[in-house]
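Chemist: Chains as they are written, first to last, in numbering that gives the first Met the number 0: chain G, 0 to 484; chain X, 0 to 629.
Mixed in with the good hints, there may be bad ones.
Listed below are the simulated DSBU-like cross-link pairs for lysine-lysine, each with C-alpha atoms no more than 30 Å apart in a straight line [claimed, not checked]: (1) G:K430 <-> X:K161; (2) G:K158 <-> X:K590; (3) G:K445 <-> X:K23; (4) X:K24 <-> G:K430; (5) G:K424 <-> X:K23; (6) G:K432 <-> X:K23; (7) X:K161 <-> G:K432; (8) G:K150 <-> X:K70; (9) G:K424 <-> X:K155; (10) X:K579 <-> G:K150; (11) G:K291 <-> X:K579; (12) G:K291 <-> X:K24; (13) X:K155 <-> G:K445; (14) G:K430 <-> X:K155; (15) G:K463 <-> X:K23; (16) G:K291 <-> X:K590; (17) X:K155 <-> G:K432; (18) G:K445 <-> X:K70; (19) X:K579 <-> G:K158; (20) G:K291 <-> X:K161.
To give an idea of the interface, some chain X residues facing chain G are shown, with a C-beta separation under 10 Å as derived from the structure [what the hints assert, rightly or not]: (21) F136; (22) N160; (23) Y557; (24) F572; (25) D577.
Since the hints were made in silico from the structure, they are not lab data.
Heads up, the beta-carbon is just placed ideally off N, CA and C, and yes, glycines get one too.
Each chain is listed here by its residues.
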Amino acid sequence: MISLLIFFPLLAAVATMLVPQGAKNAKLVALTAAVLEFILSIAIVFQFNPAAGRQFTEDYWWVASLGISYKVGMDGISMLLVLLTTFLVPLIILSSFRHQYKNPSLFYSLILIMQSALVGVFVSLDGFLFYVFWELALIPIYLICLMWGGKDRVRITLKFFIYTLFGSLLMLVALIYLYLQTPGNHTFDINALYSLHLSASEQSWIFWAFFIAFAIKMPVFPFHTWQPDTYTDSPTPGTMLLSGIMLKMGIYGVIRWLLPMVPLGVHEWGTTAMILSVIGVVYASCIALVQKDFKRLIAYSSIAHVGLISAGIFSLTVQGFQGGMIQMLSHGINVVGMFFIADIIMSRMNTRTMSELGGIRNTAPVFATFFVIILLATVALPLTNGFIGEFLLINGIYQYSTWMAAVAGLTIILGAVYMLTAYQKISLGEKNKLTETFSDITTSEKLVLVPLVVMIFWIGIYPKPFLDIAEPSVKALLSVIHGAG
Amino acid sequence: MLQLVWLIPVLPLIGFLAIGLFQKKFTGKSAGIIASATVFISFVISCGLFFQLSSAQTIDYFDWINVGSLKIPISFLIDPVSIVMLLIITGVGFLIHVYSIGYMGHDEGFARFFSYMNLFIFFMLILVMGSNYVLMFAGWEGVGLCSYLLIGFWFKNNNYNKAANKAFIMNRMGDLGFLLGIILIYVTFGSVRFSEVFSGAAKLPDNQPVIVAITMLLFIGAMGKSAQIPLYTWLPDAMAGPTPVSALIHAATMVTAGIYMVVRSNILYSIAPPTLEFITVIGTATAIFSATIALTQTDIKKVLAYSTVSQLGYMFVALGVGAYSTGLFHVTTHAFFKALLFLAAGSVIHAMSGEQDIRNMGGLKKKLPITHFVFLVGVLAISGIPPFAGFFSKDEILAMAGVQSKPLFILLAVTSVLTAVYMFRLYFMTFFGSFRGTHDQEHHLHESPSVMTMPLIVLAILSALGGFLGLPSVFSEHHLFKNYLSSSLTVPSSVIHSEPSHYFEWAMILVSIITLIILIAITYNRYVKKGYVTPLAEINFSKTFKTLYHKYYVDEIYEALIVKPLYWLSDMFYKVFDLKIIDGTVNSVNKGVNAASSTLRLMQTGNIGFYIFAMVVGVILMLIYNLYGK
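Whenever a hint applies, use it, and build me the whole structure from the sequences.
Modeler: Here it is in structure tokens:
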């Protein structure tokens, strides 16, 4: 079942690649595949039993001599992230329909390969398999940014690639070290790695090796400087993949591969990680205040949001963890929405500089309404998805440290400041020569925005189904961490 | 009746969705009529609750946020406190909706306006009906959103947009305090539901540090929402919104949410005497401070706005001295007369073709007879002249404050005097003397249509008679208002427990009436007989007047102390820290690698990216080979 979920997009990618060059069908093939994948994941949700913990496990030897297995399975945490992936990818593909990308069959097949790798990351239960999927996810996004990116793409993607690869190699070293500590015939099996009894000093450096790898991916301050350039310069579908789904690999990594693996290391360094995350929240929010380019502003705001998720997770409380889960979904939905809004503006106006815009609401009221809704979700207004996540996260952080919660909470003020100011500059006021030609959104754009908005309110008003999927797994994981620490 | 409770907020929500989603389908006045109707039905149901309900009821609907031991249902609490608020919100709200049908009649955003208004009513109802702090917070932030949307309703004007942003952001500052307070409540009591929190608090002694912290944090939220020092400057700016919005949101309902919240949490506040003292200080300071500013303002709405800030200060003083029902009583009478004053001011502005500066008005008495009459009722009510509504509630606050502390009493009495002065100044400058506007304006002067004057008359009746709900003990044994609420309220043990003596009350009533008559005579002499008009040019202002006119330069001080440094710091973060230091370090590492690679270049092409890519692909291919090769 899960293997189908992983490899179906890969097969579809091959099919997409085979669509002759120049034909328009590539995107339709890709979209159909992504929709089928989504339906498949929904079918799995209906069979999923949250209380049963890890399920649908498949375990085959891959390289038996090295103790590497193809072992996959899903608990509630994986389930939600897989759902996020399968929900967003079709929308990302659909959102790109308005552009004519050169060499579309390659472009869309890369997106599907990426999806394959992302699902693989979220379900892998073998250290090596996890690493392979982790790296596999990097390649298509690297190529997407490199081949379809903006002016400065070569320099920026190279930096992005080296930076994240540096992190991955640290993780690989840590994984191999753990592997070598397993008794008897060494294995990468996650259960074996969990049950290692390492000394505190070993756990400390492994903590850092993993943490840096994951912190770069998210990114957490001060490992974030590749992110604004990359987000800004990538083609929008690439930015959406990076911010909507790929950064969750980092958070997922922390949850699955860092916290339960080295509880003593977490005990020693968790506070440091929280402090970095909280600094990042305020630091990135402040920087977002002074951005002139809207896409760059979203990039920095994303750093702030991810910092809050990271801090909530490291608080090791049920509320912080569950808040992190909900906020991963919410952030994925909202940031994709925001980047889509930015893309609509960019493609109509050929600029993202906010001071050149203004008054868009006059000519495009429907667009402005979607913009406001996604904005409100981003600033965590109650009854939107953002509130559920941020409330739980700040709650979790508070239980860890009052002061950190107060500082991290500044995001609710600063977020409102930069988002409302941006909205005012772009959308309100009198229209100018440039924006008077702004046409309201088309049906295909609505097809992307409506599902996002539905999810914003669904999670905001009735988050129970999502919370229920994750809660037993979160509690089980926390008891592993607390039990060992 | 209880089965219908959910309809109270849901009806306006449906109104919002229907009008908001299908704006273009609502032609003519239909949007206004539907929006008014939803609020009216909610009002009728609220009345039903008022007559039928004998005890507090909690009605659970569904689970909202359940995580671990944190359980937050969507659930409503109906008790006397929430019923009073329901009646004010839906009752006054309905009248303002009807009025708006006339006031906004020619606006191109007519349907949009009513959709926002209905959304506001929805959130306000959630705020007062929610049976736990998080649901209350949802309403709390929701009304802030509607306030933002309606202040910036005329979004083409960027000054209005700035005022809207300011309101939202300042409220958010308070909201952070509120949110942390809620979390501390959860950490302390293991629940955010009123029933559990209050029963837990009832067992605690006075002066627990954690309770003081909770109440202080919650009060920070109230300072933002109810415009108290230092978070009050958004409210005068909020007058950028259409006048019915000022009446509904920024006078009668939303800004009293802070008072509602404290009254709702009275069990917590009663065991936190330091917080009560703090509230008294803030309330008194705000009351007198903003009253002095109101003395000099020349915009009809700004005068009323500062007067609102001042009256909210009064209400907080009542709460601070533990007289919760008195605070809520003043909320009620204030809702009547301040809504009346704003709507009457709207009628004046409407007649004056949008003019708001009272220096350009004058002599409107004859042209706008109904508006003039109801405005006078409002002025009498707010100035505290018996038997109008404001007299009773304000008198009660003064009396309760007088029992606690004489200096407090004197400060409030001075504020009360100032209130009468600025209100009569406003009244005389607007309606008496000769007309000072342009010929065009004079030509267009007209009384408002009956769809606007009818709500005014109803509000005038309420402002005139509403005070009899709470007759002081010298007149009657039965304080209807207080008795109705008593089951939901506590009395702090830290305050002095004695009813003001009858002798004291009589003296107070007499002195206040005499003082007011003298004051009115003086202002009449100055503004009507001598025809004094505040000069248009600032050069002619005295120094004190100028300082007051510029609101003590508080906005400028905030700009210099908070806004500018924040942007400066952010700029430093970005340009120095992020681009130079952090990214510079990263790049120099990269350069080191590049330097090394250029050595390798002698043998290879030197593109690191390509090599790493090739390496990873190679590893994967090897593994795949391994898998299938066996």
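Chemist: Does each hint hold? Answer for all of them.
Modeler: Evaluation of the provided hints:
Of the supplied pair hints, the one linking G:K430 and X:K161 holds, its CA atoms being roughly 17 Å apart against a limit of 30 Å. Proximity of G:K158 to X:K590 is assessed by CA-CA distance (about 11 Å); at most 30 Å being required, the pair is judged to hold. In summary, the hint linking G:K445 to X:K23 is supported, as the alpha carbons are separated by about 18 Å, within the 30 Å threshold. Restraint check for X:K24 and G:K430: the C-alpha separation of about 25 Å stays at or below 30 Å, so the hint holds.
Between G:K424 and X:K23 the CA atoms are separated by roughly 26 Å; this keeps the pair inside 30 Å, and the hint holds. Between G:K432 and X:K23, the direct Cα distance comes to roughly 27 Å. Compliance with the 30 Å bound is thereby established for this hinted pair. Distance check on the hinted pair: X:K161 and G:K432 sit about 22 Å apart at the alpha-carbon level, within 30 Å; holds. Between G:K150 and X:K70 the alpha-carbon distance is near 51 Å, which puts this suggested pair outside the 30 Å criterion.
Taking the CA atoms of G:K424 and X:K155, the gap is about 11 Å. The hint holds against a cut of 30 Å. The straight-line distance between the Cα atoms of X:K579 and G:K150 is roughly 22 Å, inside the 30 Å bound, and the hint therefore holds. As the CA atoms of G:K291 and X:K579 are separated by approximately 18 Å, the hinted pair is consistent with the 30 Å bound. Distance hint between G:K291 and X:K24 is unfulfilled; the C-alpha atoms sit about 39 Å from each other, more than 30 Å.
Note on X:K155 and G:K445: the hinted pairing holds, with a Cα-Cα distance of about 25 Å set against a maximum of 30 Å. A distance of roughly 8 Å separates the Cα atoms of G:K430 and X:K155; the hinted pair therefore holds under the 30 Å criterion. Between the alpha carbons of G:K463 and X:K23 the distance comes to roughly 35 Å, so the proposed pair goes past 30 Å and is violated. Taking the CA atoms of G:K291 and X:K590, the gap is about 29 Å. The hint holds against a cut of 30 Å.
With a C-alpha separation of about 15 Å, the suggested pair X:K155 and G:K432 falls inside the 30 Å cut-off, and the hint holds. Note on G:K445 and X:K70: the hinted pairing is violated, with a Cα-Cα distance of about 36 Å set against a maximum of 30 Å. Restraint check for X:K579 and G:K158: satisfied, since their Cα atoms lie roughly 16 Å apart, inside the 30 Å limit. For the hint pairing G:K291 with X:K161, the CA-to-CA distance comes to about 18 Å; that is within 30 Å, so the pair holds.
Given hint, X:F136 at the interface with chain G, holds; its Cβ is 6 Å from that chain's nearest Cβ, closer than 10 Å. For X:N160, the shortest C-beta to C-beta distance to chain G is roughly 5 Å, which falls under 10 Å, so the interface hint holds. Below 10 Å, beta-carbon pairs count as interface contacts, and X:Y557 has none with chain G, the closest being about 14 Å; its hint is therefore violated. Below 10 Å, beta-carbon pairs count as interface contacts, and X:F572 has one with chain G at about 5 Å; its hint therefore holds.
Given the 10 Å rule on beta carbons, the hint for X:D577 holds: about 6 Å separates it from the nearest Cβ of chain G.
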